[in-house]
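Once you've looked at the hints, dock chain B against the given chain A.
The listed protein sequences correspond, in order, to chains A and B.
Numbering of the first sequence is given in the numbering used here, commencing with residue 1 and proceeding in unit increments.
Numbering of the second sequence is given in the numbering used here, commencing with residue 1 and proceeding in unit increments.
Keep in mind that the hints were calculated from the coordinates and are not lab data.
A few of these clues could be false.
Where chains are identical, the list cannot tell them apart; a pair therefore holds if satisfied intra-copy or between any two copies.
[Stated by the list, open to error] Here are the computed lysine-lysine pairs in the BS3-like style, where the Cα-Cα straight-line distance is at most 25 angstroms:
no. : residue 1 : residue 2
1   : Lys194    : Lys141
2   : Lys229    : Lys144
3   : Lys217    : Lys229
4   : Lys408    : Lys458
5   : Lys408    : Lys457
Computed from a predicted structure; not experimentally measured.
Number of protein chains: 2
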Amino acid sequence: MALSKTALWARFQQSYVEHPSIGLALDLSRVDFPDGFLATMAVPAGRAFAAMEALEKGAIANPDENRMVGHYWLRNPALAPTPALRAEIEETNAALKAFAADVHAGTIHGADGTFRNVLVIGIGGSALGPQFVANALGQPKADKITPYFFDNTDPDGIDRTLARLDGQLGRTLVVVISKSGGTPETRNGMLEAKAAYERAGLSFGAHAVAVTGVGSKMDQYAIQNGWLKRFPMWDWVGGRTSETSAVGLLPAALQGIDIDGFLAGAKACDEVTRVADAAKNPAMRLALAWYFLTEGRGARDMVVLPYKDRLELFSKYLQQLVMESLGKELDLDGRVVNQGIAVYGNKGSTDQHAYLQQLREGVPNFFAVLVEVLQERTGPSIEVEPGATSGDFLGGFLLGTRDALYEKGRQSVTLTVRDVSPSSVGVLIALFERAVGFYASLVRINAYHQPGVEAGKKAAAGVLSLQSRGIEFLRANAGKSFTADALAGALGAADQAEPLFKILTRLAANGRGVKVTGGAGTQAAFAAA
Amino acid sequence: MALSKTALWARFQQSYVEHPSIGLALDLSRVDFPDGFLATMAVPAGRAFAAMEALEKGAIANPDENRMVGHYWLRNPALAPTPALRAEIEETNAALKAFAADVHAGTIHGADGTFRNVLVIGIGGSALGPQFVANALGQPKADKITPYFFDNTDPDGIDRTLARLDGQLGRTLVVVISKSGGTPETRNGMLEAKAAYERAGLSFGAHAVAVTGVGSKMDQYAIQNGWLKRFPMWDWVGGRTSETSAVGLLPAALQGIDIDGFLAGAKACDEVTRVADAAKNPAMRLALAWYFLTEGRGARDMVVLPYKDRLELFSKYLQQLVMESLGKELDLDGRVVNQGIAVYGNKGSTDQHAYLQQLREGVPNFFAVLVEVLQERTGPSIEVEPGATSGDFLGGFLLGTRDALYEKGRQSVTLTVRDVSPSSVGVLIALFERAVGFYASLVRINAYHQPGVEAGKKAAAGVLSLQSRGIEFLRANAGKSFTADALAGALGAADQAEPLFKILTRLAANGRGVKVTGGAGTQAAFAAA
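Here chain A stands alone, though its shape is the one from the complex (with noise of 0.2 angstroms):
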């Protein structure tokens, strides 16, 4: 099934394009296209070319949600459908940018002095693009403010984070980013961050500041408190498509990486990305691509292999970017469809000594993307071996697998930029989230929208409304004890025994309040403590 070398040559002389404005160049030569498949693509990608143009001049491109698409003009505010748009992007852009300037320079500082840190504090599309593009483009030492995460309501994973920044509350610069201003993780991370500033003496609002939308909960809460700044989010800019807003600005910023290099990046990329020729337009190749090794329904999975340990987190990026965007049950027409496409990675060589062994062997269930980076460092290379550096290995290990997986008949497309820089990183991000458009009109989805994700919370909802009733019940009836099933039909609620047995397990493994007083496994009994 696998090409002799000299015909891979010829397919790679055709399907290798390098797009020197963007420093990009895209070989799909490892894709096995039927001929004229490009061809029998013409119409649904002409659709997609169309769709996109619309979602870009202000369409309602998110239906469900009544809501236009804007990232895109995040970083060329001119394509804006409004003037007030317009302005209010370069304002935002312009004013974190001041404020950034104002950090760095010591005007706005903490209670002891210039910030040196900053702790931001979001989830999923409010953490993702900034932790990705501060470990791509921080320098470690030498960057003018350290980046901290919460990404999470782990009490134990705040606390390790709180223990590193030990002693230096007053020098560190809070950002709470939550879009819609109620997400509970990030609701909880803020007051976990405010209690630690209480408990060193400090104003906690005095160190804060909001990205979220405009009158939100947390918009609220920060005017009332008195915070250092607010900066807006919009309802077009989707979680997963805000790096280019003040999610993923504001951060950047404080940390001392160009924004403008960024911005110009993922700009002109959309430039190039924007051409409705599908042969030249390296979004619509990569879409393609993706609707033909997934069979158009998410048949194999991505494995994102950048070789370079700067884009170490771009697989996680991806994998909401890709998963969220995909992941639907239904179509524009609402048939039932299971769309999605699954991603992993991590990074080359590294993961090759993990799972190429499966790759290569094993189920084949994926298609790679290999991105390959030119620039082996800053400064020059000792010698490991006569006339080879460490990056020549590296090289060599991105060509040699991506030979390894072919020969078994394992497809790959390999992306190539030339370093790590503002530019391309900015170039990386504004080409996947256009193919992930353009890929969701091909398989007919509402790439925009995440009506999945709601369930998940109601649930979680639901389990700390019957925990809230569980240790109310067991404290009226202080000295008895409660079987899960007892107390489940003492509360009326027969039928929420299994979740009331995992709540008093755990908060009696805290001691908050619960014992066990007898029994065993799902036979324990429970007791107010």
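For chain B alone, kept in the frame of chain A given last:
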């Protein structure tokens, strides 16, 4: 398809099994086993128990490489098949504890004083375990020594870690881990570290320790260069099951982690999972769940979601353990089976905001392994809502997500541990090691070799050799320009035009003796610079 909550509670009561001696519970209530499934698996499960027993007694369990498989002896040396092996294990563990104590006491120290940092250089099985344990059990600012890692051959990645250690190399101990002693990434990292020590005017050998096979290239190098100490690796310990050998124990002991507790946890779990009764053995129950959920052929991916930040790297650790062990082309009879289970994940509830949308609504190509940790944090918690802590939300999200998935027919397994401690981390590692071994028996593959990894390495070596020849030719023909095609022809390697093009493009981008003199894309002409 999904059961009512009352029916689920009945099933939970049957399929939730606590193992108090190791602080573990395994809940298979969200696995839709058909009636009598366990009975139908009695014969293969019996064979798996027998194979494991033989392995533990010293059989050649890895026949392709003619090796014993002895990771279970590492935590219970009394089980080793010979007194000599037992003594080697015990002596090594005693020696590494004594070494760590000397380092902590400052008896063994760096050029600038007591060691404060340890730089671990390794990849794959020599990095994933140490990274997982360092992250799970480390205490920021309270660790005796702070760990850093080189886990790749990326020059820029190496520079970033060296920047973090700038000015501190004289108080940094380097632990180089390579079982074979010939892994190029590790060798490169060691040479890059050595160069950094020399630039700082320090003796590398006086700060270096090796963990490697006795007599390996690395071992000889360490002897010749007067390194501080060497610790042995044995051919009967595979890289991916080496966390309870010196590979994992030395970095952990240096960091100040209780390795006796860690080994005791693994040993206790081995005892529980040695019981040849499928219904009572959590490792066999886990393996049988995988078998049912993946139809014994990797039909679904395993999404690992520990609800605890400290376990964030567990999925990466399991990715290697599971995929490298199970991802095999051939079964024990040499038939092509393309086995394996793809593993990915990160942590809850964070990942709910990244890809729960797809898990609940999208391609139903996975099952989830949820890991619950009962202990919320070590100190008291604030209330983030009346009566509720951040930990209550974390617990609520776990249960909510498990139900939101199951409502849509997405199955899951839930593991519960009391805390994240040396003992419980030992339990988790031992549990999955044995589950993987059992599963390999169920599907009749060799879990202990990795024949597919060599191909990528050989191909990479070919690329490096081609690079040398290409550069040499360009230098010998200085002033003349060649396309990749022309150069391949001139080298008598007409089928190597593609890798030559890739190599020369990268070298030119780095100003490394090659320049582009004209042409574009695959027709670019290259010359010596």
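Okay, the hints, checked on the actual structure:
1. Lys194 / Lys141: between (27 angstroms within a copy, 22 angstroms between copies)
2. Lys229 / Lys144: within (19 angstroms within a copy, 40 angstroms between copies)
3. Lys217 / Lys229: For Lys217 and Lys229, only the intra-copy Cα distance (15 angstroms) is at most 25 angstroms; the inter-copy one is 59 angstroms.
4. Lys408 / Lys458: between (45 angstroms within a copy, 15 angstroms between copies)
5. Lys408 / Lys457: The answer is between: 15 angstroms across copies meets 25 angstroms, while 43 angstroms in one copy does not.
Violation of the numbered hints given earlier is absent; every hint is satisfied by the structure.
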